[in-house]
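A.B. asks: So the chains spell out like this:
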Amino acid sequence: MITRVTDNMKFDMLNNSISNTQTQYSELMEKLATEKQVNKPSDDPLGMGKILDYRAVKSYTSHYEKRVEESKSWIDLTESKLSSVNDILNQIRETAISQSSATASESTRQIAADSLQPLIDQLRSLANSKFGDRYLFSGTKTDTEPFSATESAARIDAPVNASGNTYTGTVSEAGTYTGATNKTYVVKIVAGGTLGSATYQVSSDSGKTWVGVPTVLASGSNTLGDGISLTFPPGTFAANDSFSVNAYAPGYYNGNGEELSVEVGKDVAINYSITGEAAFTARGSGTVDIFKTLNDLKTALQNNDAEGIRNQLDPLQEAGDQITRYTAKCGTRVNSLDISDTVLKDLDTRLTGLTSNIEDADVVALMTAFKMKEIALQACYEMAGNLGNISIINFIK
Amino acid sequence: MGDIGRVLNTTKEAILSHLTALNVTGSNVANVNTPGYSRLRPAFGSIGVIGSSTNDVQLGVKIVEIERLYDKYLEVQLVQQEQDTGNNQARMDLLNNVEGIFNESTGGGINDLLSQFWGAWSQLSSNPSGTAERDNLVSISQSLASMFSQKANDLINIQSDTNAAISDSVTELNKYLDEMVDLNNKVVQTEISGGSAASSRDQRAELLRKISQIIDVNYYEESNGSLNIFISNGKSLVEGTNVWKLDVKTNPENSNYYDIVFEDTPDEAINERLTSGKLAGMLDVRDTKISGYLNDLDQMASTIVTNVNTQHRSGYDLNKNIGGDFFSPARIESPVVASGNTYAATVAADGTYTGTTNKTYTVKIVTGGALGAATYKVSSDGGTTWGAVQTIPVGGTITPGDGINLTFPPDTFATNDVFSVKAGCFAKDMQVNSTIVDDAGKIAASATVNNGDGDNAGSINAIKDSLLMGGGISSIDNFYQSLVASVGNDVADAKRILDHQTAVMNQLESQKEAVSGVSIDEEMLNLIKYQAGYNAAARMCGVVNQMMDVLINLGKE
Numbered sequence: 120m121i122t123r124v125t126d127n128m129k130f131d132m133l134n135n136s137i138s139n140t141q142t143q144y145s146e147l148m149e150k151l152a153t154e155k156q157v158n159k160p161s162d163d164p165l166g167m168g169k170i171l172d173y174r175a176v177k178s179y180t181s182h183y184e185k186r187v188e189e190s191k192s193w194i195d196l197t198e199s200k201l202s203s204v205n206d207i208l209n210q211i212r213e214t215a216i217s218q219s220s221a222t223a224s225e226s227t228r229q230i231a232a233d234s235l236q237p238l239i240d241q242l243r244s245l246a247n248s249k250f251g252d253r254y255l256f257s258g259t260k261t262d263t264e265p266f267s268a269t270e271s272a273a274r275i276d277a278p279v280n281a282s283g284n285t286y287t288g289t290v291s292e293a294g295t296y297t298g299a300t301n302k303t304y305v306v307k308i309v310a311g312g313t314l315g316s317a318t319y320q321v322s323s324d325s326g327k328t329w330v331g332v333p334t335v336l337a338s339g340s341n342t343l344g345d346g347i348s349l350t351f352p353p354g355t356f357a358a359n360d361s362f363s364v365n366a367y368a369p370g371y372y373n374g375n376g377e378e379l380s381v382e383v384g385k386d387v388a389i390n391y392s393i394t395g396e397a398a399f400t401a402r403g404s405g406t407v408d409i410f411k412t413l414n415d416l417k418t419a420l421q422n423n424d425a426e427g428i429r430n431q432l433d434p435l436q437e438a439g440d441q442i443t444r445y446t447a448k449c450g451t452r453v454n455s456l457d458i459s460d461t462v463l464k465d466l467d468t469r470l471t472g473l474t475s476n477i478e479d480a481d482v483v484a485l486m487t488a489f490k491m492k493e494i495a496l497q498a499c500y501e502m503a504g505n506l507g508n509i510s511i512i513n514f515i516k
Numbered sequence: 009m010g011d012i013g014r015v016l017n018t019t020k021e022a023i024l025s026h027l028t029a030l031n032v033t034g035s036n037v038a039n040v041n042t043p044g045y046s047r048l049r050p051a052f053g054s055i056g057v058i059g060s061s062t063n064d065v066q067l068g069v070k071i072v073e074i075e076r077l078y079d080k081y082l083e084v085q086l087v088q089q090e091q092d093t094g095n096n097q098a099r100m101d102l103l104n105n106v107e108g109i110f111n112e113s114t115g116g117g118i119n120d121l122l123s124q125f126w127g128a129w130s131q132l133s134s135n136p137s138g139t140a141e142r143d144n145l146v147s148i149s150q151s152l153a154s155m156f157s158q159k160a161n162d163l164i165n166i167q168s169d170t171n172a173a174i175s176d177s178v179t180e181l182n183k184y185l186d187e188m189v190d191l192n193n194k195v196v197q198t199e200i201s202g203g204s205a206a207s208s209r210d211q212r213a214e215l216l217r218k219i220s221q222i223i224d225v226n227y228y229e230e231s232n233g234s235l236n237i238f239i240s241n242g243k244s245l246v247e248g249t250n251v252w253k254l255d256v257k258t259n260p261e262n263s264n265y266y267d268i269v270f271e272d273t274p275d276e277a278i279n280e281r282l283t284s285g286k287l288a289g290m291l292d293v294r295d296t297k298i299s300g301y302l303n304d305l306d307q308m309a310s311t312i313v314t315n316v317n318t319q320h321r322s323g324y325d326l327n328k329n330i331g332g333d334f335f336s337p338a339r340i341e342s343p344v345v346a347s348g349n350t351y352a353a354t355v356a357a358d359g360t361y362t363g364t365t366n367k368t369y370t371v372k373i374v375t376g377g378a379l380g381a382a383t384y385k386v387s388s389d390g391g392t393t394w395g396a397v398q399t400i401p402v403g404g405t406i407t408p409g410d411g412i413n414l415t416f417p418p419d420t421f422a423t424n425d426v427f428s429v430k431a432g433c434f435a436k437d438m439q440v441n442s443t444i445v446d447d448a449g450k451i452a453a454s455a456t457v458n459n460g461d462g463d464n465a466g467s468i469n470a471i472k473d474s475l476l477m478g479g480g481i482s483s484i485d486n487f488y489q490s491l492v493a494s495v496g497n498d499v500a501d502a503k504r505i506l507d508h509q510t511a512v513m514n515q516l517e518s519q520k521e522a523v524s525g526v527s528i529d530e531e532m533l534n535l536i537k538y539q540a541g542y543n544a545a546a547r548m549c550g551v552v553n554q555m556m557d558v559l560i561n562l563g564k565e
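Chains A and B are the protein sequences, given in the same order.
So my numbering is basically just the index in the first sequence, starting at one, shifted up by 119.
So my numbering is basically just the index in the second sequence, starting at one, shifted up by 8.
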């Protein structure tokens, strides 16, 4: 208890009160102006941490939503292309059935054969459709046109030096490809050096996994597998120099059997592409080679070969089934993406709510507090104005 | 027996005493706004009694003492409180600056950029050949990297500003210590000759409070009136008229920041001895708080760089190359030589750092000698555990670990010479690899050489969900969010403590004012009182004068 009050005490007290009130007043003003409860970490340290967390998750959610949208567009396009393919296949099948009957003649078959070619071309163009600048049906080789017009035998492309390689020699390939599906072999230099000292590893799945221990690079031919061997002219290799070789099984297909996938949630990846291998060839998970069937049909029609035409009826049926199966698969994927989309949108709404609970100011409560501070401040000023008025000096003559 | 001369003398004393009293009142009024001024009070005392019978007469009055109203126990509390308030005020001011760096309430900080960074990888994963996606990723990664280095540099700036402020405070303190010696001298000299050193004592009390704002001190007053001040380890700052000044000395083992030392023992840092006051607050913020935040940022930067680079190296770019480093990889900093070392040649560090976290390798000489004879041991955890003792080869190059090479030119080592080298990815150096910046096609978005898939970009995006921080308990994002929360907590704590201490301080100040402060009302009343006394005495003087006249004229006709 203070019994003796001096002038300094009065002024100091007033000074402190005014500065405290001013501080609180301006804090309230900031909250009112931003309409936010938390304007700096120390306002609510835990809340700030949560706000940042919610903001980050919200940002990821919006990205996942975009991925869902993009994959859906891809699948929608795939579905529509496949259903057009199906329409054409039905049309061809009708022609084939009618031309396989005894009523058909050589001339009708000739006409049918002539009209078949544009349909095959149309079908090939559907199978070579793009989404933006990426081919829909070439697996992960999205920059390679998946289907050629003519059938080719098993073949091995010239090896490609990666652009950043130290080694600049022209690598030559040899052998006959014996693989069942199209593959890309990759040779990676593990330890640099020259022929006879540099070591390498081989991948048969486009460079995802590496088989075996590093082997010394021989000056003659080096066997990769599936009948492929490479010969390197002398030169110096650096670690991580890489060479890739595309090898193709016989047929029309130039893509590969790997589906494209994207993450649409934490640990939730979906495959959104259908490979040409599965939908149009008899390799990999496919059962019937559609282009071969159509070309065989065309040959049979041209040759007026009723037996040959009939032989293609079952494969044509299977081709239709194969396409329908993948059209249905598209539908299933869209459904599951729709579910993901709903979950993500729901999460987004809830995050907005949660953030708002912590971050947003209760304007009514703030306004009330603000008014109270205003009154306190006014009282302080009033006091300050009158402090000098009352003094014993006024009463001493 | 009455004596008219005595009456006149009494009157004179009354006039003079009241004049003195008025003088004291005047000086109280004059010093109403002087900080540290303790009000004075004249103590009137009667001068003896004469006579032995019924005619006893008071002889007169004098000012026995001019009392300085002062509570020394309150002063002790005030000095103590000044230390704590000074300490927390310094912490609060600095942490407020730090909070500004981590304030992300409006977005646009590391948290936002991190989300955008991971988002850009996600975007690239769905269209790995897209040029726009690649360019976007490069620009966001550059923003993220420069945001990391900017925040780290901001923190380092606050550290070095604090460092400069520490040096300034030491200079200020030394000036106060000199003044303290002066005042001690004045008090002792004045009081030895029986004078009143009230004003010097007031100044000294005020000075003591200024000193204790800077450093925590204990003090006692000697019988001759001089004040002795010493710090918590018992070492004196001021003893009578002797002074031991402080100094600052750069410490190479602490980023060349200042240690606080005594001028006469420059090799003995007393940082740990300071527990309160502004200096201790600044040292704590510089060496513990900000260092801690910086370390957290470095850990994050290191985790992002290491993990993104590792994943990036397992993918393929648009030109079928195996991916390189996405961010500039870890580096080895220049070795730091401890200040007390005997070995004086310049040590060089090189090599390619292969560690996955930031480390400081410490090399300690076990037995001294030349190259080929001296032995050493190595610690990679800042000196907690040590490896086997080995001999430094004649060539002078040793390999402490993780691909670091240290080369010592010929010179002689002494036992306990210490060298340390820091290696890793630090927030302040974070940047996107220049090859990626030059050619966004070098981003290894695909897991296969055919580069149609975005699986590697997807895997990099998934790094955000891995629990890579804090020993596998939190994701990079969450780690940063906790960092912001802990900065907020530190500031809120400092603010709360400071508010409390300010309140206590105000209370103590009021109590001190109640004892020592000047009240105008009181002084005005005293003025009236003393004026009345003076007037009465003067009137008395007139009366005695008339009586003298009567007496002198008594013999006349």
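Note that these hints are calculated values from the structure, not bench results.
All C-beta atoms, glycine included, are put in the ideal place defined by N, C-alpha and C.
One or more hints might be untrue.
Said to hold, decoys possible - Some residues of chain A that are not near chain B, with every Cβ distance over 12 Å (derived):
1) L196
2) D262
3) T263
What the hints assert, rightly or not - Calculated cross-link-like contacts (lysine to any residue; reagent style SDA-like; alpha-carbon spacing at most 25 Å):
4) A:K177 x B:F487
5) A:K177 x B:M477
6) A:K155 x B:S474
7) B:K503 x A:N139
8) A:K385 x B:M477
9) B:K503 x A:E493
10) A:K464 x B:D120
11) A:K327 x B:S474
12) A:K385 x B:L476
13) A:K169 x B:S244
14) A:K169 x B:L475
15) A:K159 x B:S474
16) A:K169 x B:K564
17) B:K503 x A:K177
A.B. asks: Each of the hints needs a verdict: does it hold here or not?
C.D. replies: Each hint tested on the structure:
1. The non-interface label for L196 (chain A) is consistent with chain B: the shortest C-beta to C-beta separation is roughly 14 Å, beyond 12 Å.
2. For D262 (chain A), the shortest C-beta to C-beta distance to chain B comes to about 7 Å, within the 12 Å cut-off, and the non-interface label is violated.
3. A Cβ of chain B approaches the Cβ of T263 (chain A) within 12 Å, the least distance being about 8 Å, so the stated non-interface status is violated.
4. This hinted pair checks out: K177 (chain A) and F487 (chain B) have alpha carbons roughly 17 Å apart, not beyond 25 Å.
5. A C-alpha spacing of about 21 Å is found between K177 (chain A) and M477 (chain B), which places the hinted pair at or below 25 Å, so the restraint holds.
6. For a cut-off of 25 Å, the pair hint linking K155 (chain A) to S474 (chain B) is broken: about 32 Å separates their Cα positions.
7. For the hint linking K503 (chain B) to N139 (chain A), the alpha-carbon distance of about 13 Å falls within 25 Å, and the restraint holds.
8. Using a Cα cut-off of 25 Å, the hinted pair K385 (chain A) and M477 (chain B) holds, with the two alpha carbons roughly 18 Å apart.
9. Between the alpha carbons of K503 (chain B) and E493 (chain A) the distance comes to roughly 23 Å, so the proposed pair stays at or under 25 Å and holds.
10. For the hint linking K464 (chain A) to D120 (chain B), the alpha-carbon distance of about 20 Å falls within 25 Å, and the restraint holds.
11. Straight-line distance between C-alpha atoms of K327 (chain A) and S474 (chain B) comes to about 21 Å, which keeps the hinted pair within the 25 Å bound.
12. Restraint check for K385 (chain A) and L476 (chain B): the C-alpha separation of about 16 Å stays at or below 25 Å, so the hint holds.
13. Our distance criterion of 25 Å between C-alpha atoms is broken by K169 (chain A) and S244 (chain B), whose separation comes to about 50 Å.
14. Annotation: proposed proximity of K169 (chain A) to L475 (chain B) holds, straight-line Cα distance about 18 Å (limit 25 Å).
15. The straight-line distance between the Cα atoms of K159 (chain A) and S474 (chain B) is roughly 28 Å, outside the 25 Å bound, and the hint therefore fails.
16. For the given pair, K169 (chain A) sits about 110 Å from K564 (chain B) by alpha-carbon distance, which is inconsistent with the 25 Å threshold.
17. For the given pair, K503 (chain B) sits about 32 Å from K177 (chain A) by alpha-carbon distance, which is inconsistent with the 25 Å threshold.
The earlier numbered hints that this structure contradicts are 2, 3, 6, 13, 15, 16 and 17.
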